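Trainee: What follows is the residue order along each chain.
Protein chains: 2
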Amino acid sequence: MLRLAPFAAARCLPAGPRLGPLCLAGNCGSFARSRPPAGDRGALSRQVRAAAGGERLPVLKTPKGTRDHPPAQAALRERLLGAVVSCFKRHGAAAIDTPVLELRETLLGKYGEESKLIYELQDQGGELLALRYDLTVPFARYLAMNKITKMKRYHVAKVYRRDNPATTRGRYREFYQCDFDIAGQFDPMIPDAECLKIVHEILSDLQLGDFVIKVNDRRILNGVFAVCGVPESKLISACSTVDKLDKVPWEEVRSEMVAEKGLSPEAADRIGDIGIERIFSILEQRLEASGEKLRTTETQVLVATPQKHLLAARMKLISELWDAGIKAEMLYKKDPKLLKQLQYCEDTGIPLAAIVGEQELADGVVKLRDVATRKEVDIPREKLIDEIRRRLEP
Amino acid sequence: MLRLAPFAAARCLPAGPRLGPLCLAGNCGSFARSRPPAGDRGALSRQVRAAAGGERLPVLKTPKGTRDHPPAQAALRERLLGAVVSCFKRHGAAAIDTPVLELRETLLGKYGEESKLIYELQDQGGELLALRYDLTVPFARYLAMNKITKMKRYHVAKVYRRDNPATTRGRYREFYQCDFDIAGQFDPMIPDAECLKIVHEILSDLQLGDFVIKVNDRRILNGVFAVCGVPESKLISACSTVDKLDKVPWEEVRSEMVAEKGLSPEAADRIGDIGIERIFSILEQRLEASGEKLRTTETQVLVATPQKHLLAARMKLISELWDAGIKAEMLYKKDPKLLKQLQYCEDTGIPLAAIVGEQELADGVVKLRDVATRKEVDIPREKLIDEIRRRLEP
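So the protein sequences, as listed, match chains A and B.
Counting along the first sequence from 1, when you hit position 209 you're at 209 in the working numbering, and nothing is skipped either side.
Counting along the second sequence from 1, when you hit position 163 you're at 163 in the working numbering, and nothing is skipped either side.
Just so you know, these hints were derived from the structure itself, not from any lab.
Don't take each hint at face value.
[To be verified] Taking lysine-lysine and the DSSO-like style, the derived pairs with C-alpha atoms no more than 27 Å apart in a straight line are:
no., chain 1, residue 1, chain 2, residue 2
1, A, Lys147, B, Lys340
2, B, Lys316, B, Lys383
3, A, Lys64, B, Lys147
4, B, Lys234, B, Lys89
5, A, Lys89, A, Lys150
6, A, Lys293, A, Lys327
7, A, Lys327, B, Lys61
8, A, Lys158, B, Lys61
9, B, Lys89, A, Lys293
10, B, Lys89, A, Lys367
11, B, Lys150, A, Lys61
12, A, Lys197, A, Lys89
13, B, Lys197, A, Lys337
14, B, Lys147, A, Lys61
15, A, Lys337, B, Lys89
16, B, Lys367, B, Lys340
17, B, Lys327, A, Lys89
18, B, Lys333, B, Lys316
19, B, Lys316, B, Lys367
20, B, Lys150, B, Lys64
21, B, Lys308, B, Lys383
22, B, Lys214, A, Lys316
23, B, Lys333, B, Lys308
24, B, Lys89, A, Lys383
25, A, Lys293, B, Lys147
26, A, Lys333, B, Lys327
27, A, Lys333, B, Lys214
28, A, Lys158, B, Lys197
29, A, Lys158, B, Lys89
30, B, Lys293, A, Lys150
31, A, Lys327, A, Lys340
32, B, Lys147, A, Lys340
33, B, Lys197, A, Lys340
34, B, Lys158, A, Lys89
35, A, Lys147, A, Lys89
[Unchecked claim] Residues of chain A placed beyond 10 Å of chain B at every Cβ, according to the derived structure:
no., residue
36, Gln73
37, Glu256
38, Gly364
39, Ala372
Remember, it's a predicted structure, so these values are computed and weren't measured experimentally.
Backbone N, C-alpha and C define an ideal beta-carbon position, used for all residues, glycine too.
So here's chain A without its partners, still in its complex pose:
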């Protein structure tokens, strides 16, 4: 017999004020829980009390160069990363995951002068650690550690750089990388061609408009610089400046290349950069400009009641829907007003409402309402699931 975490039981943190101003309730390492009303122990009420009493408020912010993703952003990011991962899978890559933490010595000396941007962990006894700076060195460590000589893998995960990024341009200290690598010894150019195809597929899928793909080979880079008019004597030096695009805006890189490295402004203007976070920023701005409202949940049906004392009927019906795999919600109110329930559908984009009232219960039916057209039809209870599935078909 399995025992599920007795939530508070297994992690019985002291409740109440001792938890400090930010914690809403007890702690729980497991699945699901509901929060008590933000009453005495709530963060907000505590904030209010503290403000009233002149107590010092904690700083409520995320660390510099990092950000929360509220639901709309999280949904957009899921869509973007989903497109990327589905392309990687289409090309037969396997996923791996590595820890966010690496031994410091694994990372040191791998990134040239950028090592100073590595987040190091405090020495709290034991190994000296750091946060990964990219997914490449951890992959190399993984291959070497497991003596793997051949592997096609993808890895989509956050990396960390103690940088001074231009957050307005979608650059952060914590950001995603989407890596697809084919490691091994193969006939020339065959895996390279597939990598180009992948980049092409992803950028085309995302409908970002025209794009130019530049290829990763020092010899080609030298060629690109030559075509841009960078004299051969300045190749290495131009390189290390272009490399700063991670940290400083293009304008600064451009001016460094022109002022310090002696490139012509025309040559500088032909060099650019974009990563997955930039693409995310572009999609975000585009969504905002379009005025389109991205749904943050996938709920298909709201279970509603038109009269009082029908909480049990709603719970029974919603349970049937959940068990049939239908995404369903109800309001957490004993006796909500019908208007409020329908308004909730409109606000959150739920397409269908399944309404059970006294009459419907007596007749053995459920009133199925199309939220957009406001049309309502009585459906025999035993046919409800099929009818909902039919309506939700694309």
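Assemble chain B onto chain A, guided by the hints.
Mentor: Just chain B, lined up with the frame of chain A:
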């Protein structure tokens, strides 16, 4: 016009030995790349050279209490977390994401005596940071910062505890939590009931066998302890011991409760714990015991050739499959042997092989081979996509 990261161009790290022993090639923050053969600059060859030359090898390991997830584990984890997230979505929760890093002051004082298990980052100038210890305090910070009083959110992510975990029992210093929370003020017990339903749905989906769900409320906890035979005077004290299940095996917790806290052995035996990582361990062990081979890729078709000089034909065909959304691979060899190609299908579980030889090209067909039955049929080229889709239908 968008410009895509000129991979090496934008991050032109010095190639070769300066990169250190672990790095296979140049660095790249973007999508896809192929690795040069692990030749002069390769990690492995460097390892071998270093070993031969008596040079000190770097320690190739992950930090204590952390682990890599190789493809089979990553695939299993994707399946597990997919089941959890799909349940959360079925219940209308929105996703949020928060940084792995938090201000130290956000975390301090929130976890009682366990604060000593928080990973702190080194003071490298700027804010004092730490790694999140759970997803609860960041959620509370998010709610308070954004003045949100009502929210149903889920968050599936890694958390960090500088613990001495029993890794054999699926406990780690870096581990996943799957949180579903309903924050706000509602009529009593309605959201609580849904949380129970969610746990029930997830554990039933995973077919882990019988389970017991325990409920998170200090009053209920006190009741559970009372039923277990813990005297009222020992409730708080028993709590803080049970809480250690994170760090030490059940046997130690049990003996602490019996020896130090004075509980009866019978009472102690009625208390247990499980989290998402434990479930992962159980699924992993079960998979191993069953001998079933979990596919680590989703490739549906291998594009193969029976003769030499047909690389271009393979690339053209595979490109058509990719563009039609079919998951396809080919070997990265100019002229692979047919037997090798079919063997690759068997090894990796690819169900279909699409074979183009000189005869097939002349006839305008593709030979479609069912890898399991070894049956081959010529399919007109223009009907190939449809036929593959038909065969792949569940």
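Trainee: Could you run down the list of hints and mark each one as holding or not?
Mentor: Consistency of the hints with the structure:
| no. | hint | in the structure |
| --- | --- | --- |
| 1 | Lys147/A with Lys340/B | 22 Å, holds |
| 2 | Lys316/B with Lys383/B | 16 Å, holds |
| 3 | Lys64/A with Lys147/B | 20 Å, holds |
| 4 | Lys234/B with Lys89/B | 40 Å, violated |
| 5 | Lys89/A with Lys150/A | 17 Å, holds |
| 6 | Lys293/A with Lys327/A | 20 Å, holds |
| 7 | Lys327/A with Lys61/B | 43 Å, violated |
| 8 | Lys158/A with Lys61/B | 20 Å, holds |
| 9 | Lys89/B with Lys293/A | 18 Å, holds |
| 10 | Lys89/B with Lys367/A | 24 Å, holds |
| 11 | Lys150/B with Lys61/A | 20 Å, holds |
| 12 | Lys197/A with Lys89/A | 13 Å, holds |
| 13 | Lys197/B with Lys337/A | 24 Å, holds |
| 14 | Lys147/B with Lys61/A | 12 Å, holds |
| 15 | Lys337/A with Lys89/B | 25 Å, holds |
| 16 | Lys367/B with Lys340/B | 17 Å, holds |
| 17 | Lys327/B with Lys89/A | 7 Å, holds |
| 18 | Lys333/B with Lys316/B | 15 Å, holds |
| 19 | Lys316/B with Lys367/B | 15 Å, holds |
| 20 | Lys150/B with Lys64/B | 39 Å, violated |
| 21 | Lys308/B with Lys383/B | 25 Å, holds |
| 22 | Lys214/B with Lys316/A | 22 Å, holds |
| 23 | Lys333/B with Lys308/B | 11 Å, holds |
| 24 | Lys89/B with Lys383/A | 24 Å, holds |
| 25 | Lys293/A with Lys147/B | 22 Å, holds |
| 26 | Lys333/A with Lys327/B | 47 Å, violated |
| 27 | Lys333/A with Lys214/B | 24 Å, holds |
| 28 | Lys158/A with Lys197/B | 32 Å, violated |
| 29 | Lys158/A with Lys89/B | 23 Å, holds |
| 30 | Lys293/B with Lys150/A | 20 Å, holds |
| 31 | Lys327/A with Lys340/A | 20 Å, holds |
| 32 | Lys147/B with Lys340/A | 22 Å, holds |
| 33 | Lys197/B with Lys340/A | 24 Å, holds |
| 34 | Lys158/B with Lys89/A | 23 Å, holds |
| 35 | Lys147/A with Lys89/A | 24 Å, holds |
| 36 | Gln73 | 8 Å, violated |
| 37 | Glu256 | 14 Å, holds |
| 38 | Gly364 | 24 Å, holds |
| 39 | Ala372 | 18 Å, holds |
In the structure shown, a violation is registered for the earlier hints numbered 4, 7, 20, 26, 28, 36, in ascending order.
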